[in-house]
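Visitor: Sequence:
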Amino acid sequence: MGIHGVFMASLSSSAPPAQPRPLSPPKTQGTAQAPAQTPAQIPASPAANPHHRHRRSMATLRTVAALVLREMSTRYGRTPGGYLWGILEPLAAILFLSLGFSLVIRTPSLGTSFLLFYATGFLPFNLYQTLSGTVARALAYSRPLLRYPAVTWLDAILARFVLNSLTGIVITTLLITGILAVIDSRTAIDLPPLVEAITLAMVLGLGVGCINAVLMGLFPLWDVAWSIITRPLFLASGVIYIYEDLPPVAQDVLWYNPLLHITGLMRTGFYPTYNADYVSHSYVLLIGMTLTALGLILMRRYHRVILNR
931 MGIHGVFMAS LSSSAPPAQP RPLSPPKTQG TAQAPAQTPA QIPASPAANP
981 HHRHRRSMAT LRTVAALVLR EMSTRYGRTP GGYLWGILEP LAAILFLSLG
1031 FSLVIRTPSL GTSFLLFYAT GFLPFNLYQT LSGTVARALA YSRPLLRYPA
1081 VTWLDAILAR FVLNSLTGIV ITTLLITGIL AVIDSRTAID LPPLVEAITL
1131 AMVLGLGVGC INAVLMGLFP LWDVAWSIIT RPLFLASGVI YIYEDLPPVA
1181 QDVLWYNPLL HITGLMRTGF YPTYNADYVS HSYVLLIGMT LTALGLILMR
1231 RYHRVILNR
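Letter by letter, the sequence shown follows residues 931 to 1239 of the working numbering.
Fair warning: there could be bad hints in the mix.
Stated by the list, open to error - If you anchor each label on the Cβ, the simulated ranges turn out as follows:
#1 R1161 / W1185: 41 to 47 Å
#2 R1230 / V1092: 16 to 22 Å
#3 P1178 / Y1078: 52 to 58 Å
#4 E1019 / T1220: 16 to 22 Å
#5 S1210 / R1239: 37 to 43 Å
#6 D1207 / A995: 27 to 33 Å
By construction, these hints were calculated from the structure, which means they are not laboratory data. Even glycine gets a Cβ: it sits at the ideal position worked out from N, Cα and C.
Construct the entire structure; sequences and hints are all you get.
Guide: What follows is the structure, given as structure tokens:
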């Protein structure tokens, strides 16, 4: 069975079963008045029925899984080495940065390996960029499937977020492991900062993606405007330098860039002597959660307007 068959089977299985039509009581002779319906005979609303909520949750999981499989097939399954390209693209960017800056400076700002230094900055930044871009275009990508009652706008957003998050985590793990093996490093990795940095990048990417999904749906020119506004983001996010290398004026301005906190936090997990005192977990989390909540509220209000455009 192809991926289309799996997706259609999931949609059909996620639809709630038809309820049997209740039998009317037999008619009696005479003009006796029918007994009043007692409160126990009034059916409970679907929202208050725990079985209905469980059934809806399972339907959402099946729909999200089907959307994930569909995107995996369309993005990676139709080109030779599709999954391999997902690893080669960030690897090529890291190699380009390492080779270019090694010709200009002797050593990176931290450690002695250009590969490890730029990988620890580029990979969380790339995860954020990928998530924010794919989530922002989730409705446009799944627009034909949103005509089915079993597929909702939230399913489309969750599917793209889950797939690209898992893909980014796998790519980060493979590249970091490969780089450590190549440079023959005995770096003592501190795992909690790595997990925190990846989690914050995912939350921030989801938040920016949700709010942009609304703005791009309501105002198509926002897509072009956003790409222009965020073009210098690579240079302002601490990918090729550390916060302490900046002059005080630049530090005061760029501190408000949450990505600078994420890249700094990521590097503390690989360089034990580096203390990124400027990093604020709560600041990044507040921005990400606020944008996510605002984007979901606005999407719930305007998703029909966006889909009908």
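Visitor: With reference to the structure, classify each hint as holding or not holding.
Guide: Structure-based check of each hint:
1. For R1161 and W1185, the hinted distance range of 41 to 47 Å is not satisfied, since their beta carbons lie about 21 Å from each other.
2. A hinted range of 16 to 22 Å holds for the C-beta pair R1230 and V1092, which are about 20 Å apart.
3. Between P1178 and Y1078 the CB atoms are about 56 Å apart, so this pair conforms to the stated range of 52 to 58 Å.
4. The hinted range of 16 to 22 Å is not satisfied by E1019 and T1220, whose Cβ atoms lie roughly 31 Å apart.
5. At roughly 39 Å, the beta carbons of S1210 and R1239 sit within the given window of 37 to 43 Å.
6. In this structure the hint that D1207 and A995 lie 27 to 33 Å apart at CB is violated, the actual value being about 42 Å.
The structure fails to meet hints 1, 4, 6 from the earlier list, while all remaining hints are met.
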